[in-house]
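J.: The residues making up each chain are set out below.
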Amino acid sequence: MSKQTSFFTSIKRLYPHVRPILPRLVLGLLSALLASVVALSIPQVLRVLVNDFLKPGGAGSAVWISAVVILVLGIAEAGLVALRRQFVINPATTVETRMRVSLYGHLQDLTVAFHDRWGSGQLLSRAMSDLNFLRRWMAFGAIMLVVTTLTVAIGVGVMFTMSWQLALIFLAAALPIMVYSFRFRRRFSLVTRLSQDQAGDLATTVEESVHGIRVLKAFGRSREALENFNGQAEELRQTEIAKAKQQAEFSLVVTLLPELALGVGLVAGILLASTGELSIGSLVAFFATAAVVAAPVEFSGMLLAMALTAKSALDRHFEVMDTANTITSPSAPQHPRELRGGLRFEQASFAFDDGGPLLHDITLDIRPGETMALVGVTGSGKSALLQLVPRLYDVSGGAERTGGAVRIDGVDVRDFSVEELRTVVAVAFEDTTLFSSSVRENVLLGAPEPTEAALDEALDVAQAHFAYSLPDGVDTLIGEEGLSLSGGQRQRIALARAIAAKPRVLVLDDPLSALDVNTEELVEARLREVLKDTTTLIVAHRPSTVALADRVALLEDGRISDVGTHTELLARNQHYRFVIASLDECPKDLDSELERELDEMEEAGEARR
Amino acid sequence: MSTFGTSNEDNAHLSRSDSKAVRRRSLALLGSLIRPVRVRFWLTLAMVVLSQATRVAGPAIIAFGIDHALPALQAGSNGPLVLAGALYLAAAVATAALTALYVTSTARLSQAMLLDLRLRVFRHTQRLSLEFHEKYTSGRIIARQTSDLEALRELLDSGVSSLASGLLFMVFTAITVFALDWRSGLIMLAAGIPMFFLARWYQKHSQIAFRESRVVSARLIVHFVETMTGIRAVKAFRKEKENAQRYGELSEDYRRVTVRSINLNGIFQPGLVLIGNVCVAVVLLFGGFRVLGGDLAVGVLLALILSTKRFFQPVDQMAMFYNSFQSAQAALEKVSGLLEEVPTVRPPKNPVPLPHARGEIAFRDVEFGYGAGTVVVPRLNLHIPAGQTVALVGQTGAGKSTLAKLIARFYDVTSGSLTLDGVELRDLDGAELRRAVVMVTQEAFLFSGSVADNIALGRPGASRGEIEAAARAVGAHEFIAALPEGYDTDVNKRGGRVSAGQRQLISFARAFLAAPAVLILDEATSSLDIPSERLVQAGLSSLLAGTGTEARSARTAIIIAHRLSTVESADRVLVIHDGKVVEDGTPAELISSGGRFAALHGAWRESLV
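Protein sequence lines correspond, in order, to chains A and B.
The numbers in this note's numbering rise by one with no breaks, and the one at position 468 of the first sequence is 468.
The numbers in this note's numbering rise by one with no breaks, and the one at position 337 of the second sequence is 337.
No lab work stands behind these hints, which were simulated from the structure alone.
You may find that some hints are simply not true.
Listed below are the simulated DSBU-like cross-link pairs for lysine-lysine, each with C-alpha atoms no more than 35 angstroms apart in a straight line [said to hold, decoys possible]:
{"hint": "1", "chain 1": "B", "residue 1": "405", "chain 2": "B", "residue 2": "580"}
{"hint": "2", "chain 1": "A", "residue 1": "12", "chain 2": "B", "residue 2": "239"}
{"hint": "3", "chain 1": "B", "residue 1": "349", "chain 2": "B", "residue 2": "580"}
{"hint": "4", "chain 1": "A", "residue 1": "502", "chain 2": "B", "residue 2": "241"}
{"hint": "5", "chain 1": "A", "residue 1": "12", "chain 2": "B", "residue 2": "241"}
{"hint": "6", "chain 1": "B", "residue 1": "241", "chain 2": "B", "residue 2": "135"}
{"hint": "7", "chain 1": "A", "residue 1": "502", "chain 2": "A", "residue 2": "532"}
{"hint": "8", "chain 1": "B", "residue 1": "135", "chain 2": "B", "residue 2": "349"}
{"hint": "9", "chain 1": "A", "residue 1": "502", "chain 2": "B", "residue 2": "239"}
{"hint": "10", "chain 1": "B", "residue 1": "204", "chain 2": "B", "residue 2": "20"}
{"hint": "11", "chain 1": "B", "residue 1": "580", "chain 2": "B", "residue 2": "135"}
{"hint": "12", "chain 1": "B", "residue 1": "135", "chain 2": "B", "residue 2": "204"}
{"hint": "13", "chain 1": "B", "residue 1": "20", "chain 2": "B", "residue 2": "349"}
{"hint": "14", "chain 1": "A", "residue 1": "532", "chain 2": "B", "residue 2": "239"}
{"hint": "15", "chain 1": "B", "residue 1": "135", "chain 2": "A", "residue 2": "502"}
{"hint": "16", "chain 1": "B", "residue 1": "239", "chain 2": "B", "residue 2": "135"}
{"hint": "17", "chain 1": "B", "residue 1": "135", "chain 2": "B", "residue 2": "20"}
{"hint": "18", "chain 1": "A", "residue 1": "12", "chain 2": "A", "residue 2": "245"}
{"hint": "19", "chain 1": "A", "residue 1": "532", "chain 2": "B", "residue 2": "241"}
{"hint": "20", "chain 1": "B", "residue 1": "405", "chain 2": "B", "residue 2": "135"}
{"hint": "21", "chain 1": "B", "residue 1": "405", "chain 2": "B", "residue 2": "349"}
Pair ranges (Cβ atoms, derived) [as the list claims (entries may be wrong)]:
{"hint": "22", "chain 1": "B", "residue 1": "385", "chain 2": "A", "residue 2": "323", "range": "54 to 62 angstroms"}
{"hint": "23", "chain 1": "B", "residue 1": "246", "chain 2": "A", "residue 2": "235", "range": "30 to 38 angstroms"}
{"hint": "24", "chain 1": "B", "residue 1": "60", "chain 2": "A", "residue 2": "281", "range": "16 to 24 angstroms"}
{"hint": "25", "chain 1": "A", "residue 1": "333", "chain 2": "B", "residue 2": "397", "range": "42 to 50 angstroms"}
{"hint": "26", "chain 1": "B", "residue 1": "580", "chain 2": "A", "residue 2": "453", "range": "32 to 40 angstroms"}
{"hint": "27", "chain 1": "A", "residue 1": "471", "chain 2": "B", "residue 2": "415", "range": "19 to 27 angstroms"}
{"hint": "28", "chain 1": "A", "residue 1": "9", "chain 2": "B", "residue 2": "465", "range": "47 to 55 angstroms"}
{"hint": "29", "chain 1": "A", "residue 1": "484", "chain 2": "B", "residue 2": "586", "range": "30 to 38 angstroms"}
{"hint": "30", "chain 1": "A", "residue 1": "484", "chain 2": "B", "residue 2": "28", "range": "28 to 36 angstroms"}
{"hint": "31", "chain 1": "B", "residue 1": "355", "chain 2": "A", "residue 2": "224", "range": "19 to 27 angstroms"}
{"hint": "32", "chain 1": "B", "residue 1": "115", "chain 2": "A", "residue 2": "333", "range": "49 to 57 angstroms"}
Partial list, derived from the structure: chain B residues whose beta carbon lies under 7 angstroms from chain A [what the hints assert, rightly or not]:
{"hint": "33", "residue": "65"}
{"hint": "34", "residue": "70"}
{"hint": "35", "residue": "81"}
{"hint": "36", "residue": "104"}
{"hint": "37", "residue": "134"}
{"hint": "38", "residue": "137"}
{"hint": "39", "residue": "145"}
{"hint": "40", "residue": "224"}
Fair warning: this is a prediction, and the values are worked out from it, not measured in the lab.
Just so it is clear, CB atoms sit at the ideal spot from N, CA and C, and this is done for glycine as well.
Start from the sequences, fold in the hints, and give me the full structure.
T.: Here it is as structure tokens:
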């Protein structure tokens, strides 16, 4: 997953985001530099003041002047520190927020296939911790890195003016550090990336353990879930410690080498001084400066680690941002001349990008206003076929061939603007997703006219009258953050949502599975009225649902094997009878019936092979 | 308003006493995290102190070199020079080694505490009852586990060592100042008074800001997780724009509170620096006049002022520490609130073992209502003998699922007794209860991992042969074998590639593998087509009859289904209405008696044609 790119290649990508705030970052940098200059100069100024102005019996005004000078410098130091924050914080958080919002926007645009692959914990860690870290690096780490480097460079320069021999010895330590930091950079990048990825996976595990809590409880598998989580958390811990060890090793080298050089310098300096090649004053000044330089050198280990972490956070960010969205609106969207709702599959094929083909050469014509039921055994590709219509997936034929097309009124769905397509097509899935908002907002989500009448009608058709008797009526909060509804109730809200959208083409994936027979009958009676002018493709598992349809298409092993009315198919198609008919001539003897069907199933299975 | 547990979690402006209570709770949690690692904690501190000492030794050795080794060398003795050089190198090695050690040790410390807390939160959320999970969103739990823990991590990584070394440094410097001149020492200490008030002010305001930051970041995470897990519905109903706007607002809120907390620190930290600098000026003023008066030597004054300036140096780092401490504390307030929640379904104090459950269930005078609300089940008496297959029939919302959930102990009865083989459910050992009673619901959640892993959830440690046998028994083997990598195929996020029906088959195989004494099926076949349903039923009846995977007596089954095909093969049908059993008998009896069931059955048979 992690492609190694060079530090600057990655950081450069931040530039477009940072450009608008660059002046303020530079001002922040200047403030930081000035602040450290002031901080460094205060002791020198003090020395001069005390030594030159304050003498026993001197004037009182000298004391006042000295105190005021020091006070002014002190205020300046504090002021500059505050100023650095003022310059940097607002812009840095703005960049952070902008990147976060654009990441979210991009994620919403990316295909369903992308989301099938990526756990939401991984995405969340990118949106939260990675970007938080990046902000802190921009506002603090990057600036300090520059300040530190400058301080060290100036310090070394000053050291050269005092004694070039000693400075050379000191500088000699820099060589192995540079070589070492090269190695450190590579290894630390790997381990920091690993820790970020593991933290994301851990978040995914948490997310699943909460969403799957009912299953875990039903099977009493909390212990296993905990063990699994423990394993992952332990791995993360190990990675973090490995990371700390590398950082410790680096700080060891960075602290030790200059100090060793100074030790050698001390001996050499004294030798030089004893021969008179170096004044004692210069020797003292040299070591005083070295002490000032040593602190930032030590600090640099931490700053380098921070920069590398920021780099891999940035890599992770762009890994998602660089994923191209394959389901987009064309540059010149087309509309059908007249939107009547004719739906046509033309040799449509589909395969998941890493699996075998699921649908082959589906050709199916659904006339405007017609209701077509889609029947087939579990796994025959019914749901996949439905999802091609609103382009949740695109047709694809695998590696060597094109995947045909899905057309609405003659226009390929890929030539519609996505927005318009999904206005024309509404869906209700078998697994219902309700959003954390009121019943009203959930139902009217896609409605062209979000009126009270539309709401009432949709709820009535879906037989979701229970919504009125919820604690706050149709304004009751539902979804994850609200009241939890039963499976049947959720399905009816989702169905109402699809109906309220008043689409030309309605795609229903077994939307009545959780309803009892009576309710189903009522819903169907009302649906039949409402769907009169709507082209509908509905997945059906039961004869009662098929009864809604004008015609039935039979899906068998990813191909349409027969199309006709329910009666026609019952009469001529054995597989259809097998799939849909649960009532035989003599249903009393359940066991023998079961045996017969099992035989039939085996035969069918053999025939397939 | 009470602040117990997670109630009132979103309120950042707490009353004084509430605020105190949650702070105490949060500190207690921190304390309990440190306790197990306190030895390492003190060791790490000792290393910090030691490394500080060797660090201070460096300049002293340089001074020794210049003051003694140089004259000695000029006098012809090179012993002191060698000594100085050797000592300096030794000090350098010791400092570097100790630094590396404490960096690693700090990481071990913080990672141990984080792992501990992660596991605690995970274990606790698994333990909490469904009642809690239904109102506390998954996104919040994820927020607690990710961004809140991140705040603690920052504290642990950044603070402790700098705080210790800073304090130590200040103590040493203060002693020097007092040794030189106690009056100036007093002035220096007096600076503590305004600093204290500034810290108090900061604490008060930052506490609110950090609390708000926790609340807002949780909101941001909740929204993010909801979008990513419901992405299909988001796309299908074009909710992207609305979402993007909402997320933009939340991000902006988050930015604002972040900026607010940073700005508070931006006043606090320079404020401390300023007070320190003003103090230096006062010492100068006070000492200056005494120098003029001849009471104080100029050299002493210089030393005093420089020391005073140095005394305030670590204040910077300590402000940073205090900042992360406040942030972590606010985060731990939320985490400790979650940990304070008590599961309403509690494990028994003295669990009764039940190694070989038969599956006899008895309700005696059972009453049940959710929370303090309406009664769902009024006074129920029901006896289900071991080995019986019972179908629960009734309209949506009649209370069928509630009865099933009571038997699975997802909830506890409000009054009365519910027993398995004569033992109160709430006295049964948790693990044994879960082995004896398994519930399969309509929502078939798949965890990331392979298909085999998901089936093995029914019985961890099952062999591949047993897993395949379970899959065969419910008719899932064929489609699993046809997946790209068969049983080792990754089901991806939320089973992206397997259809709803296939998910149900997998979750059936899970239950089959678990082979419990009591099997509860709540609409578990709703997404299956008729042939698959028949296969499942065939497998089911052999499992229930005891001729399944292992030789044992018949199992008890509680089946809730809208499709009465499942019901027809039951030994007994219970018609539930408003939480009461209104009809009870064999299917044949009830059909002939012409009650509710007969009507439902008639409607259902009609729906089949």
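J.: With reference to the structure, classify each hint as holding or not holding.
T.: Results of checking the hints against the structure:
1. Proximity of residue 405(B) to residue 580(B) is assessed by CA-CA distance (about 15 angstroms); at most 35 angstroms being required, the pair is judged to hold.
2. Between residue 12(A) and residue 239(B) the alpha-carbon distance is near 34 angstroms, which keeps this suggested pair within the 35 angstroms criterion.
3. A distance of roughly 32 angstroms separates the Cα atoms of residue 349(B) and residue 580(B); the hinted pair therefore holds under the 35 angstroms criterion.
4. With a C-alpha separation of about 20 angstroms, the suggested pair residue 502(A) and residue 241(B) falls inside the 35 angstroms cut-off, and the hint holds.
5. With a C-alpha separation of about 30 angstroms, the suggested pairing of residue 12(A) with residue 241(B) holds against the 35 angstroms cut-off.
6. Between the alpha carbons of residue 241(B) and residue 135(B) the distance comes to roughly 27 angstroms, so the proposed pair stays at or under 35 angstroms and holds.
7. Restraint check for residue 502(A) and residue 532(A): the C-alpha separation of about 12 angstroms stays at or below 35 angstroms, so the hint holds.
8. A hinted pair counts as satisfied when its Cα atoms are at most 35 angstroms apart, and residue 135(B) with residue 349(B) qualifies at roughly 27 angstroms.
9. Note on residue 502(A) and residue 239(B): the hinted pairing holds, with a Cα-Cα distance of about 16 angstroms set against a maximum of 35 angstroms.
10. Proposed proximity of residue 204(B) and residue 20(B) is supported: the alpha carbons are some 11 angstroms apart, at most 35 angstroms.
11. Simply put, residue 580(B) and residue 135(B) have alpha-carbon atoms about 27 angstroms apart, close enough for the 35 angstroms limit, and the pair holds.
12. Taking the CA atoms of residue 135(B) and residue 204(B), the gap is near 31 angstroms; set against the 35 angstroms cutoff, the hint holds.
13. Proposed proximity of residue 20(B) and residue 349(B) is supported: the alpha carbons are some 33 angstroms apart, at most 35 angstroms.
14. Taken as a hint, the residue 532(A) and residue 239(B) pair is honoured in the structure, with Cα atoms around 27 angstroms apart against an allowance of 35 angstroms.
15. Taken as a hint, the residue 135(B) and residue 502(A) pair is honoured in the structure, with Cα atoms around 32 angstroms apart against an allowance of 35 angstroms.
16. Using a Cα cut-off of 35 angstroms, the hinted pair residue 239(B) and residue 135(B) holds, with the two alpha carbons roughly 24 angstroms apart.
17. Only pairs whose Cα atoms come within 35 angstroms are accepted, and residue 135(B) paired with residue 20(B) is accepted, the gap being roughly 26 angstroms.
18. As the CA atoms of residue 12(A) and residue 245(A) are separated by approximately 29 angstroms, the hinted pair is consistent with the 35 angstroms bound.
19. For the given pair, residue 532(A) sits about 31 angstroms from residue 241(B) by alpha-carbon distance, which is consistent with the 35 angstroms threshold.
20. A hinted pair counts as satisfied when its Cα atoms are at most 35 angstroms apart, and residue 405(B) with residue 135(B) qualifies at roughly 17 angstroms.
21. Restraint check for residue 405(B) and residue 349(B): satisfied, since their Cα atoms lie roughly 22 angstroms apart, inside the 35 angstroms limit.
22. Distance hint check: the CB atoms of residue 385(B) and residue 323(A) are about 58 angstroms apart, consistent with the given range 54 to 62 angstroms.
23. A C-beta distance of roughly 35 angstroms is found between residue 246(B) and residue 235(A), which places it inside the suggested range of 30 to 38 angstroms.
24. Roughly 20 angstroms separates the CB atoms of residue 60(B) and residue 281(A), a value that falls within the hinted 16 to 24 angstroms.
25. A C-beta distance of roughly 45 angstroms is found between residue 333(A) and residue 397(B), which places it inside the suggested range of 42 to 50 angstroms.
26. A hinted range of 32 to 40 angstroms for the beta carbons of residue 580(B) and residue 453(A) is consistent with their spacing of about 38 angstroms.
27. Between residue 471(A) and residue 415(B), the C-beta spacing of about 25 angstroms keeps the proposed range 19 to 27 angstroms intact.
28. Distance hint for residue 9(A) and residue 465(B): a CB-CB separation of about 51 angstroms, consistent with the stated range 47 to 55 angstroms.
29. A C-beta distance of roughly 35 angstroms is found between residue 484(A) and residue 586(B), which places it inside the suggested range of 30 to 38 angstroms.
30. Residue 484(A) and residue 28(B) have their C-beta atoms about 33 angstroms apart, which keeps the hinted 28 to 36 angstroms range intact.
31. Between residue 355(B) and residue 224(A), the C-beta spacing of about 20 angstroms keeps the proposed range 19 to 27 angstroms intact.
32. Range check, residue 115(B) to residue 333(A): Cβ separation about 53 angstroms, and the 49 to 57 angstroms hint holds.
33. Residue-level restraint check for residue 65(B) holds (minimum Cβ-Cβ distance to chain A is 5 angstroms; threshold 7 angstroms).
34. For residue 70(B), the shortest C-beta to C-beta distance to chain A is roughly 5 angstroms, which falls under 7 angstroms, so the interface hint holds.
35. Annotation: residue 81(B) was flagged as interfacial toward chain A, and the flag holds, the nearest CB pair being 6 angstroms apart, inside 7 angstroms.
36. The beta carbon of residue 104(B) comes within 5 angstroms of a beta carbon in chain A, closer than 7 angstroms, and the hint placing it at the interface holds.
37. Annotation: interface hint on residue 134(B) holds; nearest CB of chain A at approximately 5 angstroms, less than 7 angstroms.
38. The interface hint given for residue 137(B) is met, as the beta carbon of that residue sits about 5 angstroms from the closest beta carbon of chain A, less than 7 angstroms.
39. Interface hint at residue 145(B): satisfied, since its Cβ lies 5 angstroms from the closest Cβ of chain A, which is below the 7 angstroms cut-off.
40. Look at residue 224(B): its Cβ gets to within about 6 angstroms of chain A, closer than 7 angstroms, so that hint holds up.
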